[in-house]
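Visitor: Sequence:
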Amino acid sequence: MGWIGIWLVFMAAPVRDLLDGGRSGTATALGWLGLAAFVGCYLTLVFRYTARVLHWARVHATLGALVALAAALSVAMAPAWLGLWVYVSVSAGAVLPMRQAVWAIPAVTALMLAIGVGAQGAGLLDLAGGLGVTTFLVGFAMTGVRHLVRTTVQLRQARATVAQLAANEERLRLARDLHDLLGHSLSLITLKSELAGRMLPGHPDRAAQQVADIEQVSRQALVDVRAAVTGYRRLTLPGQLAGARTALTAAGIEAAVPLEVPGAAAPDEEREAALAWALREAVTNVVRHSGAEHCAVTLHRRQTLAGPVLELAVEDDGVGPAPGFGHGNGLTGLTERLEAVGGVLEVASGRGASGRGASGRGASGRGASGRRASGRARTGGGGFRLTARVPLGPEPAREQGAASSALGSPA
20 MGWIGIWLVF MAAPVRDLLD GGRSGTATAL GWLGLAAFVG CYLTLVFRYT ARVLHWARVH
80 ATLGALVALA AALSVAMAPA WLGLWVYVSV SAGAVLPMRQ AVWAIPAVTA LMLAIGVGAQ
140 GAGLLDLAGG LGVTTFLVGF AMTGVRHLVR TTVQLRQARA TVAQLAANEE RLRLARDLHD
200 LLGHSLSLIT LKSELAGRML PGHPDRAAQQ VADIEQVSRQ ALVDVRAAVT GYRRLTLPGQ
260 LAGARTALTA AGIEAAVPLE VPGAAAPDEE REAALAWALR EAVTNVVRHS GAEHCAVTLH
320 RRQTLAGPVL ELAVEDDGVG PAPGFGHGNG LTGLTERLEA VGGVLEVASG RGASGRGASG
380 RGASGRGASG RRASGRARTG GGGFRLTARV PLGPEPAREQ GAASSALGSP A
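Sequential numbering from 20 applies to the sequence shown in the numbering used here.
Read the hints as simulated data drawn from the structure, not as lab findings. Computed from a predicted structure; not experimentally measured. Yeah, the Cβ is synthetic: ideal placement off N, Cα and C, and Gly gets one too. Heads up, none of these hints are tricks.
Okay, the calculated beta carbon distance ranges per label pair:
#1 N187 <-> R35: 52 to 62 Å
#2 V34 <-> N187: 53 to 63 Å
#3 Q176 <-> Q139: 43 to 53 Å
#4 A160 <-> G137: 19 to 29 Å
Produce the entire structure from the sequences given, and follow the hints as far as they go.
Guide: Encoded structure:
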């Protein structure tokens, strides 16, 4: 805050007046004490309060003391002491809010003129045209300086906040990616390891094939994790459709999965990636938790009140969710991904997908181990359905709740 030193030039006249020695020792001593107290009040105001949270009672008390000292010294001493009012004006502009400064600065200028004319016998026009204009202008100049200081502080704080938010967002992205990537890959590795162990005594060749598949999945998982860490990973629907077919078949679940995305329903890259993540998470949950025998994946283009959407649905005939189930990390991450591109996610329990085929051309398969026994009793309301939708047109405005509702209600 070196700009404060600019105003020290107005302190030269009172100091010179005291050094001239034209007064008694007592008057000179009182003059030095008064000047020291004035400088202390001034520095307290401009250095301590300009860029900090202000305690207004202290500010007003200190500013009042500054006005009283300036008035007493400029009345009791020589006209040279009228320059102290410049510091009063600077202090008012530096610490008072604008609504108070707009009347305080003219009031300080008027008080200086009144003392100069009434107590020191100065000419009004000469005093107003010189020191009066200076006092008035520097006060309002300081309001701008104060605003600049405050803006600079706020800008630094905003930059720190933006950096923190960016770091938090990156951590959330990495957490979502690692959860989705490792959950799917490790589940598939576990299943194939179990198959290889069962096949090894009687079918070593088939067990060797399962081990080779495990190696391939492990290598791909390593590539995916590295890509997630560097932030360049983008899933595609065709790749995840093929992966879903492989994972379901390896788990012994009869799979009905479309071979491709409908040609007229291809979304942009970000929305396609969001749907691909939804498919990956849904299939991982089916393989790990459902105990299902059948799973159907459908992909449709639908027309809604908000415009066309691409709808992905994954449905199984497994045990269904436990009563009062909530969203785990995976579903929470999916919801965030879809909302970021204007989409929605729905999960519900219901009857299984047995016998339901996929939209368009489909492929069904059975795992090498045949139909898998659930190991868990099915509930009366068994089955689980995950539905994800993304818009195919321009992304709807976030604040328009009607659009979000329309996405959840196909026409």
